[in-house]
Amino acid sequence: MPDCLARDFLMPDAPMGAVLLLDNTGSCDSPLTQLQQVADMQGLDDLRLRFIGAVASAADEAALEEIRLAALGKKGEVSLMMRELGRMAPEERQTAGPALNALKDELDAALRARKAAMADAALHERLQAEWLDVSLPGRPRRMGTIHPVSQVMDELTAIFADMGFAVAEGPQVESDWFNFDALNIPAEHPARQEHDTFFLHRDAADPRPPHVLRTHTSPVQIRAMQAQGAPIRVIAPGRVYRMDMDQTHTPMFHQVEGLAIDRDLSMANLKWVLEEFCRAFFEVDHVELRFRASHFPFTEPSAEVDIRCSWQGGQLKIGEGDSWMEILGSGMVHPKVLAAAGVDPDKWQGFAFGLGIDRIAMLKYGIPDLRAFFESDLRWLKHYGFAALDMPTLPGGLSR
Amino acid sequence: MKFTLSWLKDHLETTASLPEILHALTDLGHEVEDVSDPVATLGAFRICQVIEAAPHPNADRLRLCRVATYPDGPEGAMQEVQVVCGAPNARTGLVGVFAPVGTHVPGTGVDLKPGVIRGVESNGMLCSEREMELSDDHDGIIDLPQDAPLGQRFIDYAGLNDPMIYIKITPNRPDALGVHGIARDLAARGLGTLKTAPRATVPGQFPCPISVTIAPELKDKGCPLFAGRLIRGVKNGPSPVWLQKRLRAIGLRPISALVDITNFFTFDQNRPLHVFDADKVQGGLRIHPAKGDETLLALDGKTYALAAGMMVISDDAGPESLAGIMGGEVSGCSDDTVNVFLESAYWDPITTATTGRALKINSDARYRFERGVDPEYTLPGLEAATQMILDLCGGTPSDVVMDGTVPNTTRAYRLDTQRVQSLVGMEIADATQRQTLQALGFTLNGNMASPPSWRPDILGEADLVEEVARIASLENLVGRPLPRPTPGVPRAILTPMQRRERSARRMLAGLGYNECITYSFIDGETSELFGGGSDAVRLENPISSEMTHLRPDLLGGLIQAAVRNQARGAMDLALFEVGPAFDGGEPGEQHMQAAGLLAGAAAGRDPFGSRRMVDLYDAKADAEAVLTAMGAPSRTQIGRGAPAWWHPGRSGQIMLGPKVVLATFGEIHPKILRAMDLKGPAVAFSIFPENVPLPKTRSATRPALSQSGLQAVERDFAFVLDHRVEAQVLVNAAQGADKSLIESVRVFDEFTGPRAEEQMGAGKKSIAITVRLQPQTQTLTDQDIQAVSAQIIAKVTKATGGALRS
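Chains as they are written, first to last, in our numbering: chain A, 1 to 400; chain B, 1 to 806.
Isolated chain A (complex conformation):
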């Protein structure tokens, strides 16, 4: 170490015969004696051993500071000897200078190292005492949830947006014209009775037929076409109302309507759109749909659509198996409906479909009871709800 420290040392010139006045070095020899000892290197080694030894055995930082002052303080032994260097003969100085500087550096380093070690030890001791029960719970933070209906609406939006459908909306109180007449369900049509319609109170003085709570999202078709004309592609998700309440019915539920009008759309396009929708929504590689002729006043031809599936141990699997499950109604928009919405049926044609949002949510997520959707039982909301940041996107996956 001294060799190493001395290697690059440049001895500054010091005046010969400089006198060291000492009054504080206590236990040590007089400077003059020391200087003589410097001259013979044996003395310097002793000094070194003494101080290094003291550093090693110092009990605390205060003891270290004392040692520093005794060696390197203004009146420390090493400092005083360095002041004497100037009085030495140049040839003496050439050996003594580097030696003293090396000693000073070495002591300095030893003091710092010892001090750091003491601090480490003290920190270690403190950390040993600083123990917390990390198994205690963290500070409580409430985690909210998104209702499955909202989540599924966002899923529908993501899928249909990718196919160029916008999201349309309409009022929930509807005139009977929008809810029925415009959709080719005239006043005495038996289909009207099958709708189990809620009527709003109508003052006796008001001659208009009572307004209804919309029984389906189909009136949004009319409003969207009136507002935008053709071509058009929209979905219309939302609340609908039917006077029905039992194990599997609630007087309010959710539907999504789909509408696409263009020059030459056909039922084959409708089938493709629904296949793509089901594949994306149920997140399977393959789906098989079966169209069955049916009747809806606002579409012609009309079809109910079944999806191939299997039920095994209460588990629904879409796309495989021998069962068919009805999932939606659809068809080509009736020319009278187009005309009612101000779209020329000789120039435009297209399809519409409607399906129950609550129902497909139940199917996809294995939710057993429709009524629970609207009971707001916290246990249900937390169990079937979705995390705030689980925003469905196509690239990110709808439910994963």
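Just so you know, these hints were derived from the structure itself, not from any lab.
Please read these numbers as outputs of a predicted model, since none were measured by experiment.
Don't take every hint at face value.
[Unchecked claim] Straight-line Cα separation of at most 30 Å, DSS-like style, residue types lysine-lysine; simulated pairs: (1) B:Lys739 to B:Lys671; (2) A:Lys364 to B:Lys280; (3) B:Lys798 to B:Lys620; (4) B:Lys168 to B:Lys219; (5) A:Lys382 to B:Lys620; (6) A:Lys336 to B:Lys280; (7) A:Lys364 to A:Lys347; (8) A:Lys336 to B:Lys168; (9) B:Lys219 to A:Lys317; (10) A:Lys382 to B:Lys221; (11) B:Lys739 to B:Lys798; (12) B:Lys679 to B:Lys620.
Knowing the structure of chain A, use the given hints to seat chain B on it.
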């Protein structure tokens, strides 16, 4: 609509199997809801004979029978089987019914297995009627005549082999409410040939003594045609077995030959008829609108009060029948009826439906007339039914009497075969399209197709398309891609409002609220608590007393949800809903709300003592967070004057200018908590997303960020104020002291309450603010800071009447 396979085969010559027929029905639009096939359930039960019945060696009540069975039918080999039987009538020589091992016995629900009964082997079962679910008879095993053909399936022997099919009929297809119409669809599909009985007239033997007249005002609309005839000298009584079996199979109770015949035509041809006991009819029959003071005892045993305008058939004594809906009890036929008047009329759908709905009578006749029966079959139906009455009950028919004429339903629509293919998206040859329509009874004249009289639903070209597509089978549809309207990356589609709703939902869930969806309707009492409950939003036909009014506000439903959860023990709640609230009963009188409700503690109990009860400032912070998420401006004012359901002193409104309310927040009024039984504390907010202004620019570019390199300085000030001075006044005043220099003013302390008053005087409080000064051009000197401080103090004291706290 129910019918049996054999009934269908009366109208359809076919070799198609039952599964093929069922599949075609569903595919054609007649969805099969249920089918009961006796072959599947009882096909294994065959006629057998007991060769010998001997006592069981180990049981007194059991017999050990050697049974001759014929597993391959009467032609196959006899196989002797040992059966242990407990029936008292099990005896040597008995001809009965045997179920071999492996058979599912419907009456017991058990699958037969080879067994050992009291130490003796037994293979199969000699069956009782109950075990076959034919009746409740379990006194003994079935005991057949000695000549019953051994080995024959019992269902064939007993005439039970007739599958019952139950299909759903869509409202546009009244013709399919008769078996004949269903057969026609199947024939058009290619499943066989439609069998149509030749129409024959039965010559009358004498003039009909009962006259019929239609009131002139009904001839155009309610009843264009009414026909009937008297048949004298009939012998009523039970109808023949074949007819009874048919009616029973579809769930009808056989009554008497005359009534059963009318029911038969209802289901066979969709031709409801009515029979009067002619001896109970006084004078002629008149079809007329009720005056409004009549009553009628109908065949269902109930008496109906008739409203003016309801269409009835009356004789001299008064109303005898509800036209097209139900006959009257007084003039109805009984087993003693000797002279019968048979009615066949064309009742208008709307008139029938209106009366039926008003009287709440659901009958097979009403169901058919309101959907539309074939007007042209009115008279042929009368003739065919006459013939059947003569065949089954004898008698002498009169001439037919009638009033009115067969309504003309002739019309024609153009068949555009190209358009059909374009709409359906399948290749269907022109010839096939034409054949399809002809098979369904359309008449083609060039490209013009005239629908048959039994298809009132065909009202335009589009209906032709549906017929062609339906018969061609939509199962053959192959999906064809629908390209996006614009190529490339899809465009954004959500409106700003839709994005706001979505942001509000996700933000609230992020803030720890659970989303609820509560009903849009609510009870009247709760509705009134939240400023609603008017007649305009009242449902005329609510489904329950809890759902009578459209909700004026979302909080009512959320509070009810919270109460339900509290009853289940969940006391600390954060619930929200985003949805419509209703301002009136007209379409569009609704507005969007995002409402949140906090009740109980802000967090559950924890080891750190951080539990505290929710307060107004929780609600306010969350409302502000949601508004920020929706893109509301950051500079808003806090006002008072929240509606009555809020605590008057502890509620506020986040305003934009003096009029626009972005949100209301605060404590729910204690009266509401009490009325709705919610355990407080409870705070809430209602946010009105539609009131948030749209951004002025649509540019995505942000304004440049100015970051001064100069040191900002913060100075704290505490002011003594009157208790009711709002912090907002202080903050605004301080902010206004030097707008270019003061970057922000933040309240960091409020000292209020008794201790504060002790120090500062009665009615006083102290509010402390931090003012952050951000110099733009040069570093602030002490003098600068002192100058602005003095300005702040001056402004604040002037605005608030307070003083700097010394």
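A quick look at each hint next to the structure:
1. B:Lys739 to B:Lys671: Distance ~44 Å between Lys739 of chain B and Lys671 of chain B Cα, so the pair is violated.
2. A:Lys364 to B:Lys280: Since the Cα atoms of Lys364 of chain A and Lys280 of chain B sit roughly 64 Å apart, the hinted pair is violated (cutoff 30 Å).
3. B:Lys798 to B:Lys620: 28 Å, holds
4. B:Lys168 to B:Lys219: 33 Å, violated
5. A:Lys382 to B:Lys620: 24 Å, holds
6. A:Lys336 to B:Lys280: 50 Å, violated
7. A:Lys364 to A:Lys347: 39 Å, violated
8. A:Lys336 to B:Lys168: 26 Å, holds
9. B:Lys219 to A:Lys317: The hint is violated at about 58 Å.
10. A:Lys382 to B:Lys221: 59 Å, violated
11. B:Lys739 to B:Lys798: 17 Å, holds
12. B:Lys679 to B:Lys620: 20 Å, holds
In this structure, the earlier hints numbered 1, 2, 4, 6, 7, 9 and 10 are contradicted, and the remaining ones agree with it.
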